[in-house]
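A.B. asks: The task is simple: from the sequences and hints, build the whole structure.
Protein chains in written order, with my numbering: chain A, 1 to 498; chain B, 1 to 488; chain C, 1 to 79.
The hints are simulated quantities; they were obtained by calculation from the structure and are not laboratory data.
Accuracy of the hints is not assured; some may be wrong.
Just so you have them, the derived chain A footprint on chain C, three or more residues with Cβ under 8 Å [to be verified]: (1) 6-16; (2) 28-35; (3) 39-47; (4) 53-59.
Note that beta-carbon positions come from the ideal geometry of N, C-alpha and C, so glycine has one too.
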Amino acid sequence: MIAAAQVTYTAAQAWSDLAQIGPIVAVTVALLVAVVVDLLLPRGLRGPVVTVIAIVGLVSALAIAAYRLVNGYGGPAYFRFVSGDAFALFFEMLFALIGVLAVIVSSSYVRRRGLYEAELQVLTLAAIVGMMSLAAAGSLVTVFLGLELLSIALYVSCGYNRIELPSQESAAKYLIIGGFASAFVLYGMALIYGATGTTVLSDIATRVTSDSAGNPLLLLGVLLMGVGFAFKVSAAPFHMWTPDVYQGAPLPVTAFMSVATKAAAFAMILRVFNYGLGHLGPEWQVLLAFTAAASMVVGNLMAIVQASLKRMLAYSGVAHAGYILVGVLAGGRAGVAAVLFYLFGYVFMNFGAFAVVSTLSGPAGDGDLYEDLNGLAYRNPTLGVLMSVFMLSLAGFPPMVGFFGKVFLFTAGISAGWTWLVVLAVLTSVVSVYYYFRVLFHVWSPLPEAPVRFAFGPVRGPVTVVLLAGVFAVALGPLSGFLLQVGLNGAAPLLSGR
Amino acid sequence: MLSAIWILPALGGLIVCFLPRGAARVGAILVALAELALTLVVAATFDASHHGYQYAEQASWIAQFNVSYHLGVDGLSVWLLVLNALIGALAVLATPAAWPRASAFLGLMLLMESGMAGVFLSVDLLLFYVFWEAMLIPAYFLLWLWGEGERPNYAALKFVLFTLVGSLLMLVGVLGEYVFSSAHTFDLPALAAQPPSPAIQFGLFALFAAAFAVKIPVWPLHSWLPDAYMSAPTPFLLLLAGVMGKTGAYGMLRVLLPLNPHPVNWWDWNWVLPVLAVIGIAWGALLALAQRDLKALVAYSSISHMGFIVLGIFALNAQGQEGALVQMLNHGIIVPALFLIVAWIYARTGSRDRSVLTGLAPAMPVLAGVFLVVTMAALGLPGLNSFVGEFMTLLGAWQLSPWLAVAGCIGLILAPIYMLRLFQGAMYTEVAGPPDHPAEGVVRKDMARGELALIAPLLALMFVLGLYPYLVVHALPALGQGMQVLHW
Amino acid sequence: MLIRRNPLVMLICIELMLNAVNLTLVAFSRQLNNREGQLFALMTMTVAAAEAVVGLAILVDIFRVRDLEDVDDLSELKG
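C.D. replies: Listed below in C-alpha cells is the structure:
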C-alpha cells in the first residue's frame, strides 16, 4: 500500500505535506539551528542566543498555525500519517505558546541557579516537537513517535540539575515509569494493529464498528493503551510518579511538564479513543470513568496533606486530569471542545502558579514550601495578586477562566449522562478550595519576622510571564465564547471521520 | 443603566484599592453614595403596573450555550437593590479612616456590593451564578484579613467551604436546567416557561435549595453563621448580615420556585423547607436566649428571623411571599442597626457580655433611645416595620398549615424575651458597683453626632415601612416572570 | 520487571518489553500481509535505542553522585 503510493509522490505533494506540518517544521528548524549554534558560539553567548532562537522558532510556529487556522487550511498529509487539521493547529498554537512561556521562565531560572542554559532550551524544543507530532498524529506510528520524543526529552530535562540528587532521582523515576507506560501503549497499539490490519487512525475508525466489541485483541489493546495513557496524563491510580517527578525536577521543567505533557496526552487520548476507537465507546468509557473518579478523589485528598507547593500542584494536576476526563467521556463536539477549552485555560493558571513559585528560587535551591510564600502580597504585590488569581482560577471561581472551563466540561458531562461523575467532580472541587486557599493564606499572611529563605533575584522575565498568564487567566473568562468557538472548530475534525 | 449599578462599585472598588488611605475613604463614600442615588432613581422610575423585567439589557455572551448578558429589575429585586446600596453606603461610612489597611478594605467592600447587586440584577442563570460566586471572594478576604477574635482564618474558611458546597451543587443544578429544559438556554423567563420533567425537577430543586439554604441560612446548615458573624468586623458585618443572607432568599423566589414548580407525585420539597424554617425559628430564638455575648445574641436571633422569611416564601401564596419580601427588607434594616449599636456599646464599655453591661442609659440616653426603637422594631411592635412583614408571613403560613403558623409564633413569643431582657439589662438595671467609678478604660459618653447620622436613615426607614408598607409592596405584582404558584 | 529492584535491570526489562512488541508487530505484519507493521517495528527499534541511551546516561549520572543498587534507595522524594 505504501510502496504503491511512493511511486506517485510528486514534489508538489511534498510541498503541500510540508505545509501541513508547518508549525512542526518551524520548531524543528529552530531546534537544529540551536544545536549547531550551541556548538559554534563561545560559552558566554550560547545561552542568550539559543534562547532567542527558541523564541523565534516558537513564535513563528504560533504564527503559522494561527495563519493556517484562520484561513481554514488543513487536511491529511504523508499518507494520512499526519494531519494538519484544526485540531492539530489548536494544539500546535497551545504548545508554541507554552513553549514561549517556558523558555522565558527557564532562561531566568537557570541563570539564577547557575546551570547551563542552552541545552535546556534545546530539550524544551525537542519536547514541543514531540507534542505537536502527537497532536497532529494520523496514525498510531506517529502517535508513538511523538510520545517518545516528548518523553525522552523530558527525562533528560528532569535530571537537568546534575549535581542535585532529587533531580537525578526524579529523572530516573520518570524514565523507568515512563518507559514502562510507553511499552504498555505500544503493546496496545500492536494488538490494535493486529486486530484491524492498519495503523492509520481514520482506517481504524471505519474498520472498528460497534460489532467489534467482542474481539479480544481489540479489547486488550484498548485496555493496555488506556493504562498507558492514564500514566501519561497522571490520572489515578497510575499517578504515583507525578509528585516525586514534579518535586525533583527543576522548577521550569515541572511547570512545563505539568501543563504541556498533560495537554499532549489528552490530545493523544482524543485522537486515539474518541476518533479512532469511537465506536468502542462503551468499552473504554468504563475504564476512563473509573480513572476519572479515582483521580478526582485521590488528587484532591492527597493535595491537602502536602507541604511542598510542587507536590500540591502535582496532586492538583491529578485532580484536574480527572475533571478533564469528564469531557473526554462526554465526547461529541461539545465534550471535545470543552476539553480543548479547559486545557487552554489550565495552561495559564497552572503555568502561572509555577512561574510565581519559580521566582522564589535562588542559588541555594527552590523555595517550594508554603512558608516560602509568606507575605508575598507585600513583598511583591503584583506576584501576590496574580498568585491569588491563579489559585482562584484553579479552584474554579468566576470570573476566571477555570470557572468557565468547568462549566463547559460539566455541561457536556451532564448532557452525555455522566451526572454522577459531575456531582463527584463538584464535591471534590470543594475539597480543592481548602488547599488552594491555603496558598492564599500564606500569600496574604503578614510578613514573617524571620528573614525569608528566598529573596527575589533578577526576575523580570518570569514576572512578565506571570503577568501575561494572569491577564489571560482573567480575560479568557468573560471572553470565553471566542475561545470556545476555536475549541469547537478544533473538535470538528475528530467527528467528521465517523 | 443597570450595568452601571454593578460596574460602578466594581470599578470604584478596584480604584479605591490603590488610593492612599484618606482619598480611598472619600472615594469609596462617593462611589457608594452615587450607587445609592442610581438605585433610588431606578426605584423611583420603576413602573409598578408593568409586567416583565424593566430597564432590561440583553446581549449575547457565550452564544454556543445561549448564555446572554441579561439584566433587569422587577418588583422583587428593585427594593433589594436599594437596600444593598443603602447598607453598602452605611458600611463604607462606618469604616473609620484609621481602619487597618483601609484602602483594600473599602475596595473589597465595594467589590462585594457590586457582586450582590449583580445577583439581584441578573436575569440569566449563568450570569446569576457568576455574580453569586464572585461576591464570595471579597467576602472571604474581608472576613479573614480583617476578622476579629481568635481564629478569623477558621471562621472565613468555614464560611467559604459551607457556602461553596451549596453553590457548587447549585452549579450542577444550573447546568442541569440548561441540559434538561427543552429551551436549552440560561435565560430565566425562558427556563421558567419550559421547565424540565418533574422527576428532573426533583433533583434540581434539591441542588438549588441546598445553595440558597446555606446562604440564608436554614436550620441544619447554619453552623457557619455564628462563627462568621462573631469574627466579622462591624462594617463588613453590615453587608454580610444585612444583604448577603437576603441573596439566598431572593434566589429561592427568583430561581428555585419558578424554575422547578412541579413536585413529583411521591415527594414534595415544598413541605420540607417550611418545616426546617420553623425549626430554625425556634432554634435560633432558643439559642439567642442562652447567649451572653450581645453579638452572638443578635447572630442567633438573625437565624430565627431568616426562618420567618423562608416560611413566608414556602407558604406559596401571595400574603406569605409578600410578607417574606417585606421581611427581607426589614431584617436588612434592623440587623445592621442592631450590630451597629452592639459595636458602639462595645467601643464604650469594652465588653459585649450581657452580664457585665448594666445601667448604661443614664450615661447615654440617646443611645438608649435609639436602642429602644430598634429593639421594638426587632420584636415586631405594630407601627414599626417588622410587624407588617411578620403578620403577612404568618397569615400566609396559616393558609398553608395552621400548625406551621402556630409553631412559627414560638419565635414571636421568644423574641420579646431575649430582646427586652437584653435591652433592659444593658440599659436600665441598677448599676451594681459605685457608678462614680466606672471600670478602667470605660468611656461613658453618649452617641456622637456622626453615629446618630449613620443610624438615622435606618431608624427613619423603620417608621416609614412600618406605617406605609405599600411603598414596597405595591411594586411586587410587577414580576419579571410568571411564578406559577402565585396569583397576585 | 515488577519484581526486580535494580534500576539497570529494570531498564533492561523495558527494552525486553519493547522487543516483545516488535516481535508481535512483525508477526502481525506477516500474518496480515501488510507492511505497516514492519515500518512500525523499525520506528520502535530506533526509539528503543534512544531510550536506552538516555536511560543509561541518567543512571550513570546517579551512580556518580551515589552508589545505588536498589530503586528503594531512591527515597529522597517521598511518594
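A.B. asks: Within the segment 53-59 of chain C, is the number of residues with a Cβ closer than 8 Å to a Cβ of chain A three or more?
C.D. replies: Our answer is that it holds, as 5 residues pass the Cβ test (under 8 Å) against chain A, meeting three.
A.B. asks: Holds or violated: the segment 6-16 of chain C covered by chain A, criterion of 3 or more residues with Cβ-Cβ distance under 8 Å?
C.D. replies: With 4 residues in contact (Cβ-Cβ under 8 Å with chain A), the coverage given for the segment 6-16 of chain C holds.
A.B. asks: Are there at least three residues in the segment 39-47 of chain C whose beta carbon sits under 8 Å from a beta carbon of chain A?
C.D. replies: With 5 residues closer than 8 Å to chain A, the segment 39-47 of chain C meets the three-residue bar; holds.
A.B. asks: Does the segment 28-35 of chain C contain three or more residues whose Cβ lies closer than 8 Å to a Cβ of chain A?
C.D. replies: Contact hint for the segment 28-35 of chain C vs chain A: holds, 5 residues under 8 Å.
Consistency with the previously given hints is maintained throughout, with no hint failing.
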